[in-house]
Amino acid sequence: MTGTGTTLVIGATGTTGSRTAARLTAAGHRVRAASRHATAVPGAEPVPFDWYDPAGHAAALDGVDRVYLIPPLGDPDPAAVMLPFLRRARTAGTRRAVLLSSSAVPAGGPAVGAVHQALPELFEQWTVLRPSWFMQNFTGTHAHARSIREDGTIRTATGSGRVGFVDADDIAAVAFHALTDDQSPDTDLVLTGPEALGYDDIATLVTEVTGRPVVHRPISYEQMRDRLSEQMPVEFAAMLAGMERAIAEGAEDRVTDTVQRLTGRPAHTFRAFLERELRPGR
2 MTGTGTTLVI GATGTTGSRT AARLTAAGHR VRAASRHATA VPGAEPVPFD WYDPAGHAAA
62 LDGVDRVYLI PPLGDPDPAA VMLPFLRRAR TAGTRRAVLL SSSAVPAGGP AVGAVHQALP
122 ELFEQWTVLR PSWFMQNFTG THAHARSIRE DGTIRTATGS GRVGFVDADD IAAVAFHALT
182 DDQSPDTDLV LTGPEALGYD DIATLVTEVT GRPVVHRPIS YEQMRDRLSE QMPVEFAAML
242 AGMERAIAEG AEDRVTDTVQ RLTGRPAHTF RAFLERELRP GR
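Under the working numbering, the first residue of the sequence shown carries the number 2, and numbering increases by one thereafter.
If you're looking for bench data, these hints aren't it; they were derived computationally from the structure. Be careful, since some hints might not be right.
[What the hints assert, rightly or not] Cβ pair distances, simulated, as ranges:
id : residue 1 : residue 2 : range
1  : Pro214    : Ala27     : 22 to 28 Å
2  : Leu123    : Ser230    : 30 to 36 Å
3  : Arg37     : Gly153    : 30 to 36 Å
4  : Ala41     : Ala81     : 38 to 44 Å
Built from N, CA and C at the ideal position, the CB exists for glycine as well.
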């Protein structure tokens, strides 16, 4: 695909959006960095963007031929605002769309699954990224990271279920290729790390790398739903708690070679991620 157009990166200050924008600008692509406050992003043109304010969408899409889509956070029905925007994008000349979804949400499934299902009808060139759970959930401001720092615990409703945790850097690497390669993938891509780990394994690895004791405390689906509902709408909290229950039942116990196939290098291991992000003195 030619590099003459502009790529709109929605959520350009977020976990995968910032990394994707950085890769695009480093490779010389023109990037319009969309965020609610038009926050400056090195090498990119900042633009204000709010999914719930269509008045600003035309300016964001002007001259854009590719778009990286981050759904509105916490919305149980993102299709209601995303599909009108995507129809406008197609009309404005956008040719390729890359959507961030989840390994837990198939086409036609809940939340962003409806957008996934509609994407091939809207764009000839399209990709849906379906990453497993982020390694970054154990750093920064995520609830797991906070509980690790505060009392050395990780609380989940996942039981002994395993997850192919994936590094956001690897997601961004795949997003870059999906946006820029001459041949669009035109499919959905399940992204994982190279190993499936239970939360007991995670606690052990965090302990070994940081030197601070960390344990996994299993809780019930109902307890997780109620904890999450203190921070978000009940419907969305129930969906997230249900995903953890699905992990307990084995739904995420898999690994794929997608990162290797799309980028030409292996996906990062969880230990390598922790050593990069949490090793004392770094």
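Hints not upheld, ascending by number: 1, 4
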